[in-house]
Amino acid sequence: MNIIVTVKQVPDTHEVKIDPKTGALIREGVPSIINPEDKNAIEEALRLKKSSDDGEVTVLSMGPLQAESTLREALSMGVDRAILVSDRAFAGADTLATSYTLSMAIKKIERYDLILCGSQTIDGETGQVGPQLAEWLDLPQATHAEEINIQGNLVTVKSNFDSVTRVMEMKTPALITVSNRINKPRYKHMNKVLRAYRDKAVVTWSKEDLKLNPIRIGLNGSPTWVRKTFVHSHSRDGIVVEKPAANCAEDILDFILEKALLKL
Amino acid sequence: MKLCYQMDEKYEMIRMAAREFAEGEIKPVAGELDEKEEFSVSLTQQMGDIGLFGMTVPEEHGGQGLDYISYIIAVEEIARVDGSQAATLAAGNSLGIDPIDKFGSESQCRKYLPDLCQGKTLMGFGLTEPNAGSDAGATSTTAVKEGDSWVINGRKTMTTNANTPITKGSIVQAITGARPDGKPDYTCFIVENGTPGFTLNTMKRKFMWRGSNTAELFFNNCRVSNDAVLGNPGDGFKQMLATLDGGRLSIGAMGIGCAQGAYEAALRYSKERIQFGRPICKQQAIAFKLADMELKIELARNLLYKACWLAENKRPFGKEAAMSKLYCSEIAREVADEAVQIHGGYGLFKDYDVERFYRDQRLLQIGEGTSEILRIVISRAIGC
Ligand SMILES: Cc1cc2nc3c(=O)[nH]c(=O)nc-3n(C[C@H](O)[C@H](O)[C@@H](O)COP(=O)(O)OP(=O)(O)OC[C@H]3O[C@@H](n4cnc5c(N)ncnc54)[C@H](O)[C@@H]3O)c2cc1C
Ligand SMILES: Cc1cc2nc3c(=O)[nH]c(=O)nc-3n(C[C@H](O)[C@H](O)[C@H](O)COP(=O)(O)OP(=O)(O)OC[C@H]3O[C@@H](n4cnc5c(N)ncnc54)[C@H](O)[C@@H]3O)c2cc1C
Chain V
1 MNIIVTVKQV PDTHEVKIDP KTGALIREGV PSIINPEDKN AIEEALRLKK
51 SSDDGEVTVL SMGPLQAEST LREALSMGVD RAILVSDRAF AGADTLATSY
101 TLSMAIKKIE RYDLILCGSQ TIDGETGQVG PQLAEWLDLP QATHAEEINI
151 QGNLVTVKSN FDSVTRVMEM KTPALITVSN RINKPRYKHM NKVLRAYRDK
201 AVVTWSKEDL KLNPIRIGLN GSPTWVRKTF VHSHSRDGIV VEKPAANCAE
251 DILDFILEKA LLKL
Chain P
1001 MKLCYQMDEK YEMIRMAARE FAEGEIKPVA GELDEKEEFS VSLTQQMGDI
1051 GLFGMTVPEE HGGQGLDYIS YIIAVEEIAR VDGSQAATLA AGNSLGIDPI
1101 DKFGSESQCR KYLPDLCQGK TLMGFGLTEP NAGSDAGATS TTAVKEGDSW
1151 VINGRKTMTT NANTPITKGS IVQAITGARP DGKPDYTCFI VENGTPGFTL
1201 NTMKRKFMWR GSNTAELFFN NCRVSNDAVL GNPGDGFKQM LATLDGGRLS
1251 IGAMGIGCAQ GAYEAALRYS KERIQFGRPI CKQQAIAFKL ADMELKIELA
1301 RNLLYKACWL AENKRPFGKE AAMSKLYCSE IAREVADEAV QIHGGYGLFK
1351 DYDVERFYRD QRLLQIGEGT SEILRIVISR AIGC
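Protein chains in written order, with our numbering: chain V, 1 to 264; chain P, 1001 to 1384.
These are computed hints drawn from the structure, not numbers from a lab. Treat the numbers as computed from the prediction; the structure is a model and nothing was measured. Note that CB positions come from ideal geometry on N, CA and C, so glycine has one too. Check before you lean on any hint, since a few could be wrong.
Lysine-lysine pairs mimicking BS3-like chemistry, simulated, CA-CA at most 30 Å apart [stated by the list, open to error]:
hint: 1; chain 1: V; residue 1: Lys49; chain 2: P; residue 2: Lys1010
hint: 2; chain 1: P; residue 1: Lys1271; chain 2: V; residue 2: Lys21
hint: 3; chain 1: P; residue 1: Lys1010; chain 2: V; residue 2: Lys200
hint: 4; chain 1: P; residue 1: Lys1002; chain 2: P; residue 2: Lys1306
hint: 5; chain 1: P; residue 1: Lys1027; chain 2: P; residue 2: Lys1271
hint: 6; chain 1: P; residue 1: Lys1282; chain 2: P; residue 2: Lys1027
hint: 7; chain 1: P; residue 1: Lys1010; chain 2: V; residue 2: Lys17
hint: 8; chain 1: V; residue 1: Lys184; chain 2: P; residue 2: Lys1027
hint: 9; chain 1: P; residue 1: Lys1314; chain 2: V; residue 2: Lys200
hint: 10; chain 1: V; residue 1: Lys17; chain 2: P; residue 2: Lys1271
hint: 11; chain 1: V; residue 1: Lys50; chain 2: P; residue 2: Lys1111
hint: 12; chain 1: P; residue 1: Lys1027; chain 2: V; residue 2: Lys17
hint: 13; chain 1: P; residue 1: Lys1111; chain 2: P; residue 2: Lys1238
hint: 14; chain 1: V; residue 1: Lys200; chain 2: P; residue 2: Lys1002
Which chain V residues face chain P? A few, computed with CB under 8 Å, are given here [unchecked claim]:
hint: 15; residue: Ser69
hint: 16; residue: Arg72
hint: 17; residue: Glu73
hint: 18; residue: Ser76
hint: 19; residue: Tyr187
hint: 20; residue: His189
hint: 21; residue: Met190
hint: 22; residue: Asn191
hint: 23; residue: Val193
hint: 24; residue: Leu194
hint: 25; residue: Tyr197
hint: 26; residue: Lys200
Every beta carbon over 12 Å from chain V, so not counted as near; a handful from chain P, in silico [to be verified]:
hint: 27; residue: Lys1002
hint: 28; residue: Met1055
hint: 29; residue: Ala1132
hint: 30; residue: Ile1166
hint: 31; residue: Ile1280
hint: 32; residue: Glu1294
hint: 33; residue: Glu1298
hint: 34; residue: Arg1315
hint: 35; residue: Ile1378
hint: 36; residue: Ser1379
Take the sequences, apply the hints, and build the full model.
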């Protein structure tokens, strides 16, 4: 079973602050990490590879050259190959241009049975790249997987949406986006870290390495532009009740009932 | 030689890997293990599962094939979360695995290293005796050769990892004769648990490292074969000194880790705790304490990493190892002490990690050469 996992380098949003004036992320000094759900996708790929007899797990990312460290982290988890698609011409890509470029890289990889993606990132959070990728490649897809089983060329995918559980079956090759509930990503093994840096290479593909339609990439290939990002401000006006405690309680109860926050 | 303060990204990945594990698996249980004075087989084996044992042992011996600085970074990160697990790890590597890898025969390496390097088993290193602590030369345990075997008699004390459910045995030093100059000849033996005449007792009611195992070893006509000799008979003292030089680097790493953990906790707390209408970190008296902590940790780390670099490049590093162990363990005390001070009364309750850091740092100025002995080592090295 050959599996491709798409991974995106994202700023660690635990540490991210937003510039109140421009609404943009302040990225300086913020560590970059693998998008958390992409780690779940890597874990699942390694698990599926282990239960089939042979095959390779390849991680693929589009991003600036510094995203190489993300791919080294994936290699440290034990994946076999890493490919970084990087070119100035890809800058400013929206989800459509991103998924198009990734799909062309996947066509170049050629041999695969399964593509695994995270359901969504913690920075862009659109959740569009996986499904779009499936469309570009004309593959069956299932999203938000919490369980994947493979029997021969039949894949069964279980997902939960609020109170509904959905079980889908499809034939490989197929694309699945995984939820963070699917598994617990493994810790990196010390010797695998060594091997990731000593024995393995991150292959970089630029625009020239892919058969791309130039009007579909980067800013030009991006119909969506982010016009503005801003922080919601949740400001609430408090009501001050100055009465003895017992009367206060009654007032508060009246208020709650009046707003229909609680039914007695 | 060029001066370069930029570390390879590989080391950052090692740090991240060890940190994720320490925060994910050790942090949630460290306080409870400490309180119950309980050694955790499962955490030890999990540390083995991610390759924390045998880090500097070559891959062909079953180790991880990394360099010394990688190992030191890993110990630092475990100690940043918990001193006890760091003790299991550092003693396991520096005292249990290292001597076998360095001095053991090919068959001893093949017999012990694969399991030790996977954290499936542990090995103790018994040097200290009731009447031979700092004065290791006063060892009175003896081994007498009888035909193809040796008969060991005597007693060791305070040996880390010697009596856990997964301990394979201990490396012990014994007197095996006298040299022409009248000084005793020392030899190290690998004695497996369960050998007739070898009994153990776990030492309880410890003040610190309560999740780490410490044991007494008793040898009563304990017979071992010639194969149990580590390296060659008579090499014991040399082996012990070399082992301690390496071990001191790992105690240094535990000092930095402990200081880092206490400092981070104090910094966080100082930003949250409001007194007199503002966070206490806005009081200069508190801010300056934190500034000093940052400074001390930075100095200690630079010194330790330099010593590791010397060791890695096969240069003499005995003085620097002693200086690192001394300085890192002393700043661990200072930083943990001030971290408690910044927590006020809450810092004295087990609900806060600094209470544990404050206790755990105390061994660091005693084990593997007390601060006093290290000052002797350093002063001799500068010709006093
Ligand atoms: C704050 C912010 C807001 C944005 N808003 C929009 C917007 O409204 N519309 C829009 O079109 N673009 C938007 N973008 C740009 C968008 O993030 C990127 O164009 C796109 O590369 C990824 O989209 P995403 O992060 O939403 O990924 P998602 O679609 O949420 O990612 C799902 C999965 O797709 C894979 N994946 C995503 N990106 C990559 C990649 N570069 N390389 C490899 N695998 C990848 C991963 O497996 C990931 O888990 C925004 C970016 C940011 C930082
Ligand atoms: C939790 C724990 C784990 C341990 N693990 C191990 C282990 O795995 N293996 C092992 O072999 N040992 C181990 N030890 C023992 C440790 O190495 C010794 O405690 C240490 O070497 C000091 O010996 P001592 O306790 O006998 O103190 P002593 O040597 O009796 O020292 C008492 C005091 O006298 C001072 N002193 C002694 N001689 C001099 C001198 N010449 N000049 C100035 N001051 C001097 C010392 O610095 C100290 O302050 C462990 C100890 C503990 C507490």
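_30 Å Cα cutoff - pair Lys49(V), Lys1010(P)_ = Holds. Lys49(V) to Lys1010(P) sits at ~26 Å (cutoff 30 Å).
*Hint consistency between Lys200(V) and Lys1002(P) [alpha-carbon to alpha-carbon, up to 30 Å]*: Holds - the C-alpha atoms of Lys1002(P) and Lys200(V) are around 27 Å apart, at most 30 Å.
*chain P contact restraint for Val193(V) - C-beta distance below 8 Å*: holds (5 Å)
*Just checking, Met1055(P) versus chain V, shortest CB gap more than 12 Å?*
violated (6 Å)
*Per the CB criterion, is Tyr197(V) less than 8 Å away from chain P?*
Given a least distance of 4 Å, the restraint on Tyr197(V) holds.
*With a cut-off of 30 Å on the C-alpha distance, tell me whether Lys184(V) and Lys1027(P) pass.*
holds (17 Å)
*Minimum beta-carbon distance criterion (8 Å), His189(V) to chain P*: Since chain P brings a Cβ to about 4 Å from His189(V), closer than 8 Å, the hint holds.
*Given hint Lys17(V) paired with Lys1027(P) - CA-CA distance at most 30 Å*: Holds - the C-alpha atoms of Lys17(V) and Lys1027(P) are around 27 Å apart, at most 30 Å.
*Interface hint compliance - Asn191(V) to chain P, C-beta minimum distance less than 8 Å*: holds (4 Å)
*Has the given pair, Lys17(V) with Lys1271(P), been kept, meaning a C-alpha gap of at most 30 Å?*
Given pair Lys17(V), Lys1271(P) holds - Cα atoms ~17 Å apart, limit 30 Å.
*Status of the stated non-contact between Ala1132(P) and chain V (beta carbon gap over 12 Å)*: For Ala1132(P), whose nearest Cβ neighbour in chain V is about 35 Å away, the distance exceeds 12 Å, so it holds.
*Taking the shortest Cβ-to-Cβ distance between Ile1280(P) and chain V, state whether it exceeds 12 Å.*
The claim holds: Ile1280(P) sits with its nearest Cβ about 23 Å from chain V, beyond 12 Å.
Hints 26 and 28 from the earlier list are contradicted by this structure; the remaining hints agree with it.
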